[in-house]
Amino acid sequence: MQHNQRRATNKQMTLAEAVSRFVFDGATLTFGGFIGRDCVAVVHEIVRQGKKDLTVIDDSKTDITDILVGAGLLKKWEGAYFGYGALGLAPNFRRSIEQGIPYRVEVEDWTNAAISMRFLAAALNLPFMPTRSMLGSDILKYNQKVKVIQDPFEGQPLALVPAARPDVAFIHVQRADITGNGQIWGFTGSDENKVRAAKRVVLTCEEIVPPEEIKRQANLTAIPFYCVDAVVHVPFGCHPQSCYGYYAYDVLFCGQYHEMAKTREGFLAWLDTYVYGCRDHQEYCAKVGWDRLFALQHLERQFNRLPA
Amino acid sequence: MEKELPYVPGQMMALMTAKELKDGEIVFVGIGLTLMAGIVAQMLHAPNLTIVYESGCIGPRKWRVDFNVGDSSAADGATALTSEWRVFGDLQAAFYDVGVLGAAQVDKYGNINSTAIFGEGDYYHPQVRLPGSGGGNDIGSSVGRTVIMMKMQKKRFLPRVDYITTPGYLDGTPQARQKAGLVGGGPVAVVTDKAVFRFDPQTHEMYLDTLYPGITVDEIKSYVNWDLKTAPQIKTAPLPTKEELAALKRADPGNLVLGREEARRQIRDIHQYVAMTLAGRYHGL
Numbered sequence: 001m002q003h004n005q006r007r008a009t010n011k012q013m014t015l016a017e018a019v020s021r022f023v024f025d026g027a028t029l030t031f032g033g034f035i036g037r038d039c040v041a042v043v044h045e046i047v048r049q050g051k052k053d054l055t056v057i058d059d060s061k062t063d064i065t066d067i068l069v070g071a072g073l074l075k076k077w078e079g080a081y082f083g084y085g086a087l088g089l090a091p092n093f094r095r096s097i098e099q100g101i102p103y104r105v106e107v108e109d110w111t112n113a114a115i116s117m118r119f120l121a122a123a124l125n126l127p128f129m130p131t132r133s134m135l136g137s138d139i140l141k142y143n144q145k146v147k148v149i150q151d152p153f154e155g156q157p158l159a160l161v162p163a164a165r166p167d168v169a170f171i172h173v174q175r176a177d178i179t180g181n182g183q184i185w186g187f188t189g190s191d192e193n194k195v196r197a198a199k200r201v202v203l204t205c206e207e208i209v210p211p212e213e214i215k216r217q218a219n220l221t222a223i224p225f226y227c228v229d230a231v232v233h234v235p236f237g238c239h240p241q242s243c244y245g246y247y248a249y250d251v252l253f254c255g256q257y258h259e260m261a262k263t264r265e266g267f268l269a270w271l272d273t274y275v276y277g278c279r280d281h282q283e284y285c286a287k288v289g290w291d292r293l294f295a296l297q298h299l300e301r302q303f304n305r306l307p308a
Numbered sequence: 309m310e311k312e313l314p315y316v317p318g319q320m321m322a323l324m325t326a327k328e329l330k331d332g333e334i335v336f337v338g339i340g341l342t343l344m345a346g347i348v349a350q351m352l353h354a355p356n357l358t359i360v361y362e363s364g365c366i367g368p369r370k371w372r373v374d375f376n377v378g379d380s381s382a383a384d385g386a387t388a389l390t391s392e393w394r395v396f397g398d399l400q401a402a403f404y405d406v407g408v409l410g411a412a413q414v415d416k417y418g419n420i421n422s423t424a425i426f427g428e429g430d431y432y433h434p435q436v437r438l439p440g441s442g443g444g445n446d447i448g449s450s451v452g453r454t455v456i457m458m459k460m461q462k463k464r465f466l467p468r469v470d471y472i473t474t475p476g477y478l479d480g481t482p483q484a485r486q487k488a489g490l491v492g493g494g495p496v497a498v499v500t501d502k503a504v505f506r507f508d509p510q511t512h513e514m515y516l517d518t519l520y521p522g523i524t525v526d527e528i529k530s531y532v533n534w535d536l537k538t539a540p541q542i543k544t545a546p547l548p549t550k551e552e553l554a555a556l557k558r559a560d561p562g563n564l565v566l567g568r569e570e571a572r573r574q575i576r577d578i579h580q581y582v583a584m585t586l587a588g589r590y591h592g593l
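Protein chains in written order, with this note's numbering: chain A, 1 to 308; chain B, 309 to 593.
No wet-lab data here; the hints were simulated from the structure. Careful, some of the hints might be misleading.
Using C-beta positions, here's what the derived DEER-type ranges look like [as the list claims (entries may be wrong)]:
#1 D535(B) <-> K76(A): 35 to 45 Å
#2 Y590(B) <-> Q5(A): 51 to 61 Å
#3 H353(B) <-> Q282(A): 46 to 56 Å
Pairs of lysine to any residue residues, derived as SDA-like cross-links and limited to a Cα-Cα distance of at most 25 Å, are as follows [said to hold, decoys possible]:
#4 K141(A) <-> G429(B)
#5 K76(A) <-> V436(B)
#6 K262(A) <-> G100(A)
#7 K76(A) <-> P162(A)
#8 K487(B) <-> D508(B)
#9 K76(A) <-> F426(B)
#10 K147(A) <-> D479(B)
Remember, it's a predicted structure, so these values are computed and weren't measured experimentally. Virtual Cβ for every residue (Gly too), placed ideally from N, Cα, C.
The shape of chain A in the complex, shown without the other chains:
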């Protein structure tokens, strides 16, 4: 393993720059958050730049991976959950697997705990981690990467899962400084391990703050600068998903997507409006409507507010 060269330098850049510099055709990606604090703006930019033949290794995702499938860019999904939460199933994913439209995405089924162990293994620079999940299930039958062994110490069956080392991890955080120290409020999913597992890491954030501000609450720095390659300021970068302390989930927007995407034509119309029809994330926000975004911000702050 090559010794890490990343230092505390100014890593700020635009979203278009970060995607074009780090994502290549055929790249393996992972995204932070856990259906909540998702990298939605990032995925829209990937779609606009047409980066293709992508593999995503992830625990649970909804709209961002559904958009990648519908846009024809996701070659393979190695993950645990690909649905649409309480709204139902993922329309593009279903159409892809059931009807081969626009093509059939390759699927490798995992569980959330197993995927989190794969990132932990890579973060620890270990080849694998053991888990007691998946034993006896059909996941083992179809997923050849899982190895069941007898524990050499106690003799019990254990499932071994290989380290996951994506080419790029995109993580959206509430606050970061320009060197890449990222702070997360709310639960953290597998983000602290994803940034240590991936070869390149792009942080997007609601706010860029001075390093002194980071040091005031150093417990919250899940991501230290030495894991990070780029820092991008993307307020409302998770919409329509939630961002703890900043804005609530937009169930009506997701509901509209979910209904439109039930047909291929409906999805393509949605994609034209909200992705291809927007030059950047600013234009997306304007199209969604700032009053709508501020209403979601207001709602969130009645429940969860970052300490001053």
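Place chain B on chain A using the hints.
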């Protein structure tokens, strides 16, 4: 004499699941109805029930419905906010008493399929591709005991599921779970919109335990694709009380979980949605 109270089947399913959860326990839930069951249990008989979400949230107090386990709303009033692998570690280390899981297919030994309904096809070419395990397999593998929630539909109660996403008692043979290396206890109940099923401690086979008012054994058997056994004395569940119905309504104020698209269409715009959610926050409406 009091008139019979109307209820929708989904509500009864959440309520009967809530009754499986005991005060003081720690419950691992998912989204939608499984969460509603947890919230309703807290309101009715289990105020000290601790809810855990796989996103890394421990002990939330709920005033609004979550649509995803990672919504910021999942963290409302939480006792601890941590990471995914930490709560799955706590699950594997036997800290959690009970898990509530949804399913698309279940078989006579309580194995669950939430990955793909094969139909005429197979795993690679299924009739319906479902979301996959998520944390379902992890919960069903390691939690103390599991309660399964699913609607009664044809071709969903099978001798063998198309794909075992989450292990129940596997092939039903003695010690099958232990031999596979599983540390959790396995399923204790399947709660549906018409009846509750339990598992024989010796054979691990699912049997009919409780019918909801107005449902017959024959109707239940028509949904089940094996020779279903029944309890010697089949119980009948009581109709929900006024308090229970009120709790169910408070757990899903806009009826957005049960009412889905139709309920969402009733909401004019985001501002109405925000006002509605905040009314629940401050007034418990």
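Here's how the hints hold up against the structure:
{"no.": "1", "hint": "D535(B) <-> K76(A): 35 to 45 Å", "verdict": "holds (42 Å)"}
{"no.": "2", "hint": "Y590(B) <-> Q5(A): 51 to 61 Å", "verdict": "holds (52 Å)"}
{"no.": "3", "hint": "H353(B) <-> Q282(A): 46 to 56 Å", "verdict": "holds (51 Å)"}
{"no.": "4", "hint": "K141(A) <-> G429(B)", "verdict": "holds (17 Å)"}
{"no.": "5", "hint": "K76(A) <-> V436(B)", "verdict": "holds (18 Å)"}
{"no.": "6", "hint": "K262(A) <-> G100(A)", "verdict": "holds (15 Å)"}
{"no.": "7", "hint": "K76(A) <-> P162(A)", "verdict": "holds (17 Å)"}
{"no.": "8", "hint": "K487(B) <-> D508(B)", "verdict": "holds (19 Å)"}
{"no.": "9", "hint": "K76(A) <-> F426(B)", "verdict": "holds (20 Å)"}
{"no.": "10", "hint": "K147(A) <-> D479(B)", "verdict": "holds (21 Å)"}
The structure agrees with every numbered hint stated previously.
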